[in-house]
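Engineer: In terms of full-length UniProt numbering, the sequence shown has 137 at position 137, counting the first letter as 1, and numbering is strictly consecutive.
Careful: at least some of the hints might be erroneous.
Listed below are the simulated SDA-like cross-link pairs for lysine to any residue, each with C-alpha atoms no more than 20 Å apart in a straight line [claimed, not checked]:
1. LYS114 to GLN232
2. LYS48 to ILE146
3. LYS75 to GLN232
4. LYS114 to GLY188
5. LYS66 to SER89
6. LYS175 to LYS265
7. LYS66 to LEU31
8. LYS214 to GLY101
9. LYS227 to ARG120
10. LYS174 to ALA282
11. LYS267 to ARG255
12. LYS29 to GLN40
13. LYS46 to GLU141
14. LYS265 to ASN170
15. LYS214 to TYR224
16. LYS29 to PRO157
17. LYS267 to ALA284
18. LYS37 to HIS25
19. LYS265 to LEU182
20. LYS66 to LEU128
21. LYS267 to LEU251
22. LYS267 to LEU182
23. LYS227 to ARG206
24. LYS174 to LYS267
25. LYS227 to ASN211
Using C-beta positions, here's what the derived DEER-type ranges look like [claimed, not checked]:
26. HIS201 to LYS98: 23 to 31 Å
27. PHE298 to ASN211: 27 to 35 Å
28. LEU33 to MET292: 36 to 44 Å
29. ALA121 to LYS98: 28 to 36 Å
30. LYS174 to GLU82: 49 to 57 Å
31. GLU166 to ILE294: 19 to 27 Å
32. GLN40 to ILE294: 26 to 34 Å
33. SER14 to GLN40: 38 to 46 Å
34. MET53 to ARG210: 18 to 26 Å
35. LYS30 to LYS75: 27 to 35 Å
36. LEU33 to SER100: 23 to 31 Å
37. SER100 to ASP290: 45 to 53 Å
FYI, nobody ran anything at the bench for these hints, they're computed from the structure. Note that CB positions come from ideal geometry on N, CA and C, so glycine has one too.
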Amino acid sequence: MSTHCRVSSATHGSHWHLINWRYCHRRVKKLQLRIAKATQEQQWRKVKALQRMLTRSFSAKALAVKRVTENTGRKTPGVDGEIWQHPESKWSAITRLKRSGYHPLPLRRIYIPKANGKFRALGIPTMLDRAMQALYLMALEPLSEITADHHSYGFRPMRSTADAIEQVFNACGKKASAEWILEGDIRGCFDNLSHEWLVSHIPMDRMVLRNWLKSGYCEGMSFYPTKGGTPQGGIISPTLMNMALDGLQSLLERRFPSTTVQGRKAKIHLVRYADDFVITGATAELLRNDVMPIVIDFLGDAANLLI
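Assemble the whole structure, with the sequences as input and the hints as a guide.
Structural biologist: Right, here's the structure in full:
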């Protein structure tokens, strides 16, 4: 019997247990490295071809199912009430991860309490839709990591709040550092991302992405269409949000290189964690009159966002 991912056995349950996960990880990692390299070389046709290869591979599909059946939401169903608890259902799920004929179901809307006493709305996809998002995220993340802002720290592999804090200290903790900070919180970032912008700019299968964005949600017995935003609760949503906000750092670096503004160093540094950011500056006037308009224009042009 082969020790690779393609196994044969009498039952679907034993199929699942005989998957060689080490081989699957190695196979997917190899494709992701090729996607990252092609992105660095700006070989966009090759990127697209490799992404397609990854999303069609058995190894990636198996890992996508493994992820959604082992994470903290594995016992929370979507609108179809389906969860994959047994090896038979997990193996069957692998065979269902296909682009052809795929139509995501509406999200199940729930509310969770926030620290301030208010509630945050979450959209819960079905298990199948979660697995499809995990699958396509494996093909998108190598590209998004190459193109990401250097000082973006939220929802990224091998980065944390501690890294963001350290970078803020690096920008502000020296004697000659900037003395002023512009602090921003992007208003309803997940809820207000432009569907048109995402479909036009995110380098992934546009049909699949559009169907996710337009799937709508169910609350109680009622269905509601979605005209904007990407749901908090979707596996791929944080990466889509990050990609919509990436580019602001390079824009500021081009506008304020390490030269002077009216005879003084601008000391402009951006540090972002998801939809929260700080920008340092030499003076309050510089941040208010020069930096703030650039940030507002960027957010409006990129994804119809406000701060």
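Engineer: The structure should be examined with respect to each hint, and the outcome stated for every one.
Structural biologist: The hints, checked one at a time:
The straight-line distance between the Cα atoms of LYS114 and GLN232 is roughly 14 Å, inside the 20 Å bound, and the hint therefore holds. With a C-alpha separation of about 15 Å, the suggested pairing of LYS48 with ILE146 holds against the 20 Å cut-off. The suggested pairing of LYS75 with GLN232 holds, with an alpha-carbon distance near 18 Å, which does not exceed 20 Å. The hinted pair formed by LYS114 and GLY188 meets the criterion: a straight-line CA distance of about 15 Å does not exceed 20 Å.
A distance of roughly 11 Å separates the Cα atoms of LYS66 and SER89; the hinted pair therefore holds under the 20 Å criterion. Annotation: proposed proximity of LYS175 to LYS265 holds, straight-line Cα distance about 14 Å (limit 20 Å). A hinted pair counts as satisfied when its Cα atoms are at most 20 Å apart, and LYS66 with LEU31 qualifies at roughly 18 Å. Taking the CA atoms of LYS214 and GLY101, the gap is near 16 Å; set against the 20 Å cutoff, the hint holds.
For the given pair, LYS227 sits about 19 Å from ARG120 by alpha-carbon distance, which is consistent with the 20 Å threshold. Restraint check: the Cα-Cα separation between LYS174 and ALA282 comes to about 13 Å, which is no more than 20 Å; the hinted pair holds. Under the criterion of a C-alpha separation no larger than 20 Å, the hint pairing LYS267 with ARG255 is consistent with the structure, at around 12 Å. Only pairs whose Cα atoms come within 20 Å are accepted, and LYS29 paired with GLN40 is accepted, the gap being roughly 17 Å.
Proposed proximity of LYS46 and GLU141 is supported: the alpha carbons are some 16 Å apart, at most 20 Å. Annotation: proposed proximity of LYS265 to ASN170 holds, straight-line Cα distance about 17 Å (limit 20 Å). Straight-line distance between C-alpha atoms of LYS214 and TYR224 comes to about 10 Å, which keeps the hinted pair within the 20 Å bound. The straight-line distance between the Cα atoms of LYS29 and PRO157 is roughly 14 Å, inside the 20 Å bound, and the hint therefore holds.
For the given pair, LYS267 sits about 12 Å from ALA284 by alpha-carbon distance, which is consistent with the 20 Å threshold. Restraint check for LYS37 and HIS25: satisfied, since their Cα atoms lie roughly 18 Å apart, inside the 20 Å limit. Between LYS265 and LEU182 the alpha-carbon distance is near 17 Å, which keeps this suggested pair within the 20 Å criterion. A hinted pair counts as satisfied when its Cα atoms are at most 20 Å apart, and LYS66 with LEU128 qualifies at roughly 12 Å.
In summary, the hint linking LYS267 to LEU251 is supported, as the alpha carbons are separated by about 14 Å, within the 20 Å threshold. With a CA separation close to 12 Å, the supplied pair LYS267 and LEU182 stays within the 20 Å bound. Distance restraint check for LYS227 and ARG206: the Cα-Cα separation of roughly 16 Å lies within the 20 Å cut-off, and the hinted pair is therefore satisfied. The straight-line distance between the Cα atoms of LYS174 and LYS267 is roughly 12 Å, inside the 20 Å bound, and the hint therefore holds.
A distance of roughly 12 Å separates the Cα atoms of LYS227 and ASN211; the hinted pair therefore holds under the 20 Å criterion. At about 26 Å, the beta-carbon gap between HIS201 and LYS98 stays in the expected band of 23 to 31 Å. Take PHE298 and ASN211: their Cβ atoms lie about 28 Å apart, and the range 27 to 35 Å holds. Against the hinted window of 36 to 44 Å, the Cβ-Cβ separation of LEU33 and MET292 comes to about 40 Å, which satisfies the hint.
Take ALA121 and LYS98: their Cβ atoms lie about 30 Å apart, and the range 28 to 36 Å holds. LYS174 and GLU82 have their C-beta atoms about 55 Å apart, which keeps the hinted 49 to 57 Å range intact. A C-beta distance of roughly 25 Å is found between GLU166 and ILE294, which places it inside the suggested range of 19 to 27 Å. Between GLN40 and ILE294 the C-beta distance comes to about 27 Å, which sits within the given range of 26 to 34 Å.
SER14 and GLN40 have their C-beta atoms about 42 Å apart, which keeps the hinted 38 to 46 Å range intact. Between MET53 and ARG210 the beta carbon distance is about 22 Å. The supplied range of 18 to 26 Å therefore holds. The beta-carbon spacing between LYS30 and LYS75, approximately 33 Å, falls within the hinted interval of 27 to 35 Å. Judged by the Cβ atoms, the range 23 to 31 Å given for LEU33 and SER100 holds: they are separated by roughly 28 Å.
Under the hint 45 to 53 Å, the C-beta atoms of SER100 and ASP290, about 51 Å apart, fit the expected range.
Going through the hint list in order, the structure satisfies each hint without exception.
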